[in-house]
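So the sequences go chain by chain: G, S and W.
FYI, the numbering for the first sequence is 1 to 276, going by my numbering.
FYI, the numbering for the second sequence is 1 to 212, going by my numbering.
FYI, the numbering for the third sequence is 1 to 232, going by my numbering.
Just so you know, not all the hints are guaranteed correct.
No more than 27 Å apart at the CA atoms, straight line, and that leaves these computed lysine-lysine pairs for DSSO-like [stated by the list, open to error]:
1) W:K4 / S:K32
2) W:K61 / S:K90
3) S:K212 / G:K33
4) S:K212 / G:K238
5) G:K266 / S:K26
6) G:K41 / G:K106
7) G:K153 / S:K62
8) S:K90 / W:K4
9) S:K212 / G:K5
10) G:K116 / G:K153
11) G:K41 / G:K217
12) W:K103 / S:K90
13) G:K111 / S:K26
Since the hints were made in silico from the structure, they are not lab data.
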Amino acid sequence: MSVNKNTQTERRIIYLVLLIAVALPLIFPIGWKTEVSNYTKMAWDLVENTPDSSVVVFSFDYDPSTITEIQPMAEAMLEHSFSRNQKIIAVALWPQGVQMADQAFKVALQKYPDKKYGIDYVNLGYKVAGIVAIQAMGKSMQEVFPSDQSGIKYEDIPMLKKVKTLKDVAYICSLSSGTPGIKEWVMAARDPLGTPVTGGTTAVSAPGLLPYVNSQKQLYGLLGGLKAASEYETLINKIGSATIKMDAQSIAHLLILAFILIGNIKAFVTKKRSEQ
Amino acid sequence: MSGFMATFGLWLSVFFTLSIFSFLYKDNPFYKLSEQIFVGLSAAYWLVYLYYSVMVPNLFNKLFTDFKGNLILLIPTALGLLMLLRLIPKTQWLSRYPIAIMIGTSAGINMVRYAKTDLLGQISATMINPFASDNVITVIGNILLIVGTICGVYFFYFSKKQEGIRAVPSKLGIWFLMISFGASFGYTVMARISLLIGRLEFLLKDWLHIIK
Amino acid sequence: MKYKVPLIFAFVCGILVVISEFIPHRPFNMLITTLQDWFMIISGFAILLGQISLFQSNIKKIKNKNPDWPFYLAGLISFAIMLVFGLLWGTQEYAGIFGQGDKIQAVVGMKPFDYLFNNAFMPLSATMFSLLAFFIASAAYRAFIIRSFESNLLMITAVIVMLGRTSFGGMLTSWLPEGLKFLHLPNLSDFIMEFPNSAAQRAILISAALGIIGSSLRIILGIERSYLGGEK
Numbered sequence: 001m002s003v004n005k006n007t008q009t010e011r012r013i014i015y016l017v018l019l020i021a022v023a024l025p026l027i028f029p030i031g032w033k034t035e036v037s038n039y040t041k042m043a044w045d046l047v048e049n050t051p052d053s054s055v056v057v058f059s060f061d062y063d064p065s066t067i068t069e070i071q072p073m074a075e076a077m078l079e080h081s082f083s084r085n086q087k088i089i090a091v092a093l094w095p096q097g098v099q100m101a102d103q104a105f106k107v108a109l110q111k112y113p114d115k116k117y118g119i120d121y122v123n124l125g126y127k128v129a130g131i132v133a134i135q136a137m138g139k140s141m142q143e144v145f146p147s148d149q150s151g152i153k154y155e156d157i158p159m160l161k162k163v164k165t166l167k168d169v170a171y172i173c174s175l176s177s178g179t180p181g182i183k184e185w186v187m188a189a190r191d192p193l194g195t196p197v198t199g200g201t202t203a204v205s206a207p208g209l210l211p212y213v214n215s216q217k218q219l220y221g222l223l224g225g226l227k228a229a230s231e232y233e234t235l236i237n238k239i240g241s242a243t244i245k246m247d248a249q250s251i252a253h254l255l256i257l258a259f260i261l262i263g264n265i266k267a268f269v270t271k272k273r274s275e276q
Numbered sequence: 001m002s003g004f005m006a007t008f009g010l011w012l013s014v015f016f017t018l019s020i021f022s023f024l025y026k027d028n029p030f031y032k033l034s035e036q037i038f039v040g041l042s043a044a045y046w047l048v049y050l051y052y053s054v055m056v057p058n059l060f061n062k063l064f065t066d067f068k069g070n071l072i073l074l075i076p077t078a079l080g081l082l083m084l085l086r087l088i089p090k091t092q093w094l095s096r097y098p099i100a101i102m103i104g105t106s107a108g109i110n111m112v113r114y115a116k117t118d119l120l121g122q123i124s125a126t127m128i129n130p131f132a133s134d135n136v137i138t139v140i141g142n143i144l145l146i147v148g149t150i151c152g153v154y155f156f157y158f159s160k161k162q163e164g165i166r167a168v169p170s171k172l173g174i175w176f177l178m179i180s181f182g183a184s185f186g187y188t189v190m191a192r193i194s195l196l197i198g199r200l201e202f203l204l205k206d207w208l209h210i211i212k
Numbered sequence: 001m002k003y004k005v006p007l008i009f010a011f012v013c014g015i016l017v018v019i020s021e022f023i024p025h026r027p028f029n030m031l032i033t034t035l036q037d038w039f040m041i042i043s044g045f046a047i048l049l050g051q052i053s054l055f056q057s058n059i060k061k062i063k064n065k066n067p068d069w070p071f072y073l074a075g076l077i078s079f080a081i082m083l084v085f086g087l088l089w090g091t092q093e094y095a096g097i098f099g100q101g102d103k104i105q106a107v108v109g110m111k112p113f114d115y116l117f118n119n120a121f122m123p124l125s126a127t128m129f130s131l132l133a134f135f136i137a138s139a140a141y142r143a144f145i146i147r148s149f150e151s152n153l154l155m156i157t158a159v160i161v162m163l164g165r166t167s168f169g170g171m172l173t174s175w176l177p178e179g180l181k182f183l184h185l186p187n188l189s190d191f192i193m194e195f196p197n198s199a200a201q202r203a204i205l206i207s208a209a210l211g212i213i214g215s216s217l218r219i220i221l222g223i224e225r226s227y228l229g230g231e232k
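Given the sequences, and given the hints that come with them, work out the whole structure.
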């Protein structure tokens with residue numbers, strides 16, 4: 001019983017220390033700089049080198065549970081795309097993605113208030129069935145999205161006049177935290193149609209998607225986690241919400257490493273004692 | 001009034017946030033209440049967006065504006081209604097038809113897409129010239145990539161017992177997998193901590209105004 | 001009829017998808033477009049089925065006065081409220097039965113559905129997953145003990161990646177000369193992710209793909225029938 005109580009007390013101390021370690025750098029920022037990795041640079045290069053007035057697709061495939069990691073990526077990439085004068089089609093394969101898209105556009109449009117709905121960007125909304133919906137978009141966008149969210153018919157939206165299928169877009173950027181997400185876009189858009197795909201994902205999913213960044217260019221770079229979001233903000237010269245949080249991230253990582261070290265020392269000492 | 005509602009909304013958010021965090025001390029009624037409210041809100045959200053984003057534009061609008069031209073849509077509607085009969089034990093067997101269509105279609109898509117992307121695409125990406133680069137580190141990396149992929153696939157080959165010399169590539173494969181799991185652990189820590197940072201920022205900035 | 005016809009449906013749909021991949025011309029392209037449209041509509045009903053099922057299961061627990069039944073009632077009430085708000089006044093993007101709800105928007109500041117989404121759903125969703133940070137800290141202290149060469153490898157990699165993916169890691173090894181820049185923690189971390197990690201993940205992808213192709217073929221050919229339930 002007292003062993004259980006000790007374990008419980010230990011656990012609560014760990015939680016409290018973690019809480020303090022994460023809160024303090026938020027209150028007293030340190031201002032450490034972020035180095036940019038190759039994967040983020042590749043994604044940035046794709047957006048940067050896509051010609052003016054190209055139509056691109058941004059797919060919001062995440063929900064509020066991963067908003068801290070992915071929303072800064074969405075805002076930064078939207079701003080970058082707007083700065084390159086690209087025309088953005090927003091879609092969502094997760095229902096919560098629709099509201100996430102609205103919030104990201106609100107922030108991006110603060111910097112680019114002259115962008116007009118229907119001419120520079122459009123939100124076509126959510127569609128069910130993941131990879132099947134993407135395959136259907138590869139045959140006919142209008143069939144999948146007969147109208148946008150406000151009811152304007154597909155054929156009446158000026159920027160969509162030349163976009164019949166996914167082959168007519170310059171690239172697809174999928175911001176995803178699971179399935180359906182980046183993998184489905186690679187499978188149903190990149191490999192069969194040749195449309196370049198890039199995107200951002202949570203740090204949990206990133207290691208499993210990195211094999212797609214390869215010589216076959218199945219993915220053009222990948223943003224993985226909060227660090228990648230802050231790297232992208234650095235590339236577009238923005239001090240955004242991701243950059244501000246990196247100090248707390250760094251301190252928390254050091255704390256976790258300290259916990260691992262203390263845990264191993266404790267296990268070693270306990271083992272030695274029991275051997276004696 | 002909208003000012004009051006905005007303040008009320010903020011305090012509602014704080015209540016739910018702290019109720020969920022209270023689980024860290026121990027399970028309690030506030031956490032259970034918040035958990036069930038989350039389930040209820042989530043289910044309703046899905047249903048509302050399903051209705052507006054899928055059913056209305058792809059089915060109802062098409063049928064109401066041009067019924068004769070879209071008569072064929074009555075077939076998936078009927079199949080969808082058969083799906084709902086799964087709820088009644090006596091008519092459960094009728095739901096097999098739409099389920100079979102969905103499963104068959106998914107199986108066909110998966111077979112083709114996984115063969116192209118995960119099998120042929122990944123094998124092609126491994127068939128590289130490791131010495132193509134001038135950079136020594138990249139050359140070493142490419143060799144590791146090729147050896148690691150082959151040994152990793154070999155590890156998953158269970159049709160013959162891996163012993164003696166046959167166990168060597170398997171062992172190498174395990175080492176590469178351990179490196180991958182270590183990297184995944186590092187990234188997972190990053191992901192989880194990020195989510196906590198987000199919530200703390202909300203509490204310290206939007207609620208307590210400690211952060212500007 | 002009850003069992004054989006669904007198997008035929010699964011076979012026809014699966015084969016149609018595969019053939020259309022190799023013959024993307026008429027009539028297969030038309031057939032596959034139709035099938036994909038139907039799939040999206042039927043998926044919608046499948047989600048509706050899931051919601052009704054959840055509703056039924058909660059009602060049963062409340063009727064039977066299971067322990068914690070008041071909480072299930074709260075779940076149902078929140079479901080009903082959100083659904084009614086969504087259908088009556090719509091969402092930010094869509095108009096509801098009562099139109100755009102300008103009057104209620106003036107009172108609440110936004111549509112009631114969006115109000116609940118921003119002030120209830122979003123904090124609940126975000127906080128639920130942020131609990132995992134605490135659990136991973138606790139697991140790091142108690143469970144990640146080095147016991148063998150393989151676990152050593154795992155831990156060393158984790159340490160390099162965790163340090164390399166922070167600003168602190170960059171600072172720690174910024175003093176390294178140009179010739180040893182490979183050992184700069186962010187560079188080392190990127191090397192691990194690009195080569196050994198990608199190699200292992202690629203092996204997993206290839207092996208899983210072979211498994212999926214095999215099981216998909218079994219479903220199409222009717223060898224795998226578990227999705228139909230028992231033979232009744």
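Hint check results:
no.: 1; hint: W:K4 / S:K32; verdict: 45 Å, violated
no.: 2; hint: W:K61 / S:K90; verdict: 22 Å, holds
no.: 3; hint: S:K212 / G:K33; verdict: 20 Å, holds
no.: 4; hint: S:K212 / G:K238; verdict: 18 Å, holds
no.: 5; hint: G:K266 / S:K26; verdict: 26 Å, holds
no.: 6; hint: G:K41 / G:K106; verdict: 25 Å, holds
no.: 7; hint: G:K153 / S:K62; verdict: 12 Å, holds
no.: 8; hint: S:K90 / W:K4; verdict: 19 Å, holds
no.: 9; hint: S:K212 / G:K5; verdict: 40 Å, violated
no.: 10; hint: G:K116 / G:K153; verdict: 17 Å, holds
no.: 11; hint: G:K41 / G:K217; verdict: 14 Å, holds
no.: 12; hint: W:K103 / S:K90; verdict: 47 Å, violated
no.: 13; hint: G:K111 / S:K26; verdict: 45 Å, violated
The structure fails hints 1, 9, 12, 13 (numbered hints given earlier, in ascending order).
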